[in-house]
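J.: Sequence:
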Amino acid sequence: MQAEAHQHEVPEDDVVAPLRARLDAFPYRTVATRAGTVGYRCSGTGNDVGVPVVMLHGIGSGAASWLAQFEATGLDAKLYAWDAPGYGETSNVAAAQPHPDAYADALEAWLDALGLDRVALAGHSLGAIMATRFASRAPQRVRGLFLCSPANGYGRADAEVRVSKRDSRLAMLDKLGPAGMARERSDNLVAPGAADLPRAWVKWNMSRVLPVGYRQATHLLSNGDVAGDLAQYVSAKAGPVAVAVGAQDGITPPAACEVIAKVAGVPLQIIDGAGHASYIETPDVLNAALAAWLERVAAGER
Numbered sequence: 003m004q005a006e007a008h009q010h011e012v013p014e015d016d017v018v019a020p021l022r023a024r025l026d027a028f029p030y031r032t033v034a035t036r037a038g039t040v041g042y043r044c045s046g047t048g049n050d051v052g053v054p055v056v057m058l059h060g061i062g063s064g065a066a067s068w069l070a071q072f073e074a075t076g077l078d079a080k081l082y083a084w085d086a087p088g089y090g091e092t093s094n095v096a097a098a099q100p101h102p103d104a105y106a107d108a109l110e111a112w113l114d115a116l117g118l119d120r121v122a123l124a125g126h127s128l129g130a131i132m133a134t135r136f137a138s139r140a141p142q143r144v145r146g147l148f149l150c151s152p153a154n155g156y157g158r159a160d161a162e163v164r165v166s167k168r169d170s171r172l173a174m175l176d177k178l179g180p181a182g183m184a185r186e187r188s189d190n191l192v193a194p195g196a197a198d199l200p201r202a203w204v205k206w207n208m209s210r211v212l213p214v215g216y217r218q219a220t221h222l223l224s225n226g227d228v229a230g231d232l233a234q235y236v237s238a239k240a241g242p243v244a245v246a247v248g249a250q251d252g253i254t255p256p257a258a259c260e261v262i263a264k265v266a267g268v269p270l271q272i273i274d275g276a277g278h279a280s281y282i283e284t285p286d287v288l289n290a291a292l293a294a295w296l297e298r299v300a301a302g303e304r
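Heads up: the sequence shown is residues 3 to 304, going by the numbering used here.
One or more hints might be untrue.
What the hints assert, rightly or not - Simulated DEER-style distance windows between Cβ atoms:
| id | residue 1 | residue 2 | range |
| --- | --- | --- | --- |
| 1 | 252 | 297 | 28 to 36 Å |
| 2 | 267 | 78 | 22 to 30 Å |
| 3 | 297 | 274 | 32 to 40 Å |
| 4 | 267 | 16 | 29 to 37 Å |
| 5 | 30 | 175 | 23 to 31 Å |
| 6 | 159 | 269 | 24 to 32 Å |
| 7 | 78 | 103 | 15 to 23 Å |
Everything labelled a hint here was simulated from the structure, so no lab data went into it. Glycine included, C-beta positions come from ideal geometry on N, C-alpha and C.
Based on the provided sequences and hints, a complete structural model is requested.
T.: And the structure:
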């Protein structure tokens, strides 16, 4: 197994330990799919009448990062959060330099294994690439999209830009490793004034990424095209789209997210006091935005 078993290798401090205790309420699970093993967490019960919501994390994160959404009382839905291919105990995709379709294939196989025919998708950062590619391919299965600080990807960029962005991230991984990246880079994901708790949770989640999975995800980022895939989903009129970003997001800044919101034809939701990890930094605000979007999804809005 790739490993929640590695967790004991990650140093814990007085801030992270209580968060890990809260996470125990949402046990880690695995399921065999036609694409391999998928590790995931979920909240709610099988009797929930709300729309099932599938949460797709970013490149330096994992299923555990959605803790504040698992604990939310106002979402009226069963939430599923996977460890993406190459993260946690989830099998890697086959290609060393994968395109979005490889992750969409893995997502489709996981949903099929869980018996989830139609879902709403929430993608954070790199997770938006996975969400929009799957939605563009199978709009009939996606009742709505919530894109939080979406990374557009470099699929339409000049080759020189794509290579430069890709190689600089891979070099950082090779130089620092996951623990070093978490130590030196995790503060970039939160607003300058973020409290110790969200800072520690972002750092802990980043320190647990697996090098091979991170390398593959870097190629996914290089090959992604959220705007193009989103346009296809919007044209299918399959469900409502929402786009949100932290006001102080330095990774996918509001101006970049505004472009994606315009593709969807929706106003960009700016979350004050948050950086890139708004769902961890300002969970009450983000959860309220999710709840409002889910009301639209449940009502069958287009």
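J.: Evaluate each hint against the coordinates.
T.: Structure-based check of all given hints:
1. 252 / 297: 28 to 36 Å: Because 31 Å falls inside the window, the suggested range holds.
2. 267 / 78: 22 to 30 Å: holds, 26 Å
3. 297 / 274: 32 to 40 Å: violated, 22 Å
4. 267 / 16: 29 to 37 Å: Check failed, 46 Å falls outside 29 to 37 Å.
5. 30 / 175: 23 to 31 Å: Given range 23 to 31 Å: holds, Cβ gap about 24 Å.
6. 159 / 269: 24 to 32 Å: holds, 26 Å
7. 78 / 103: 15 to 23 Å: For residue 103 against residue 78, whose Cβ atoms are near 32 Å apart, the range 15 to 23 Å is violated.
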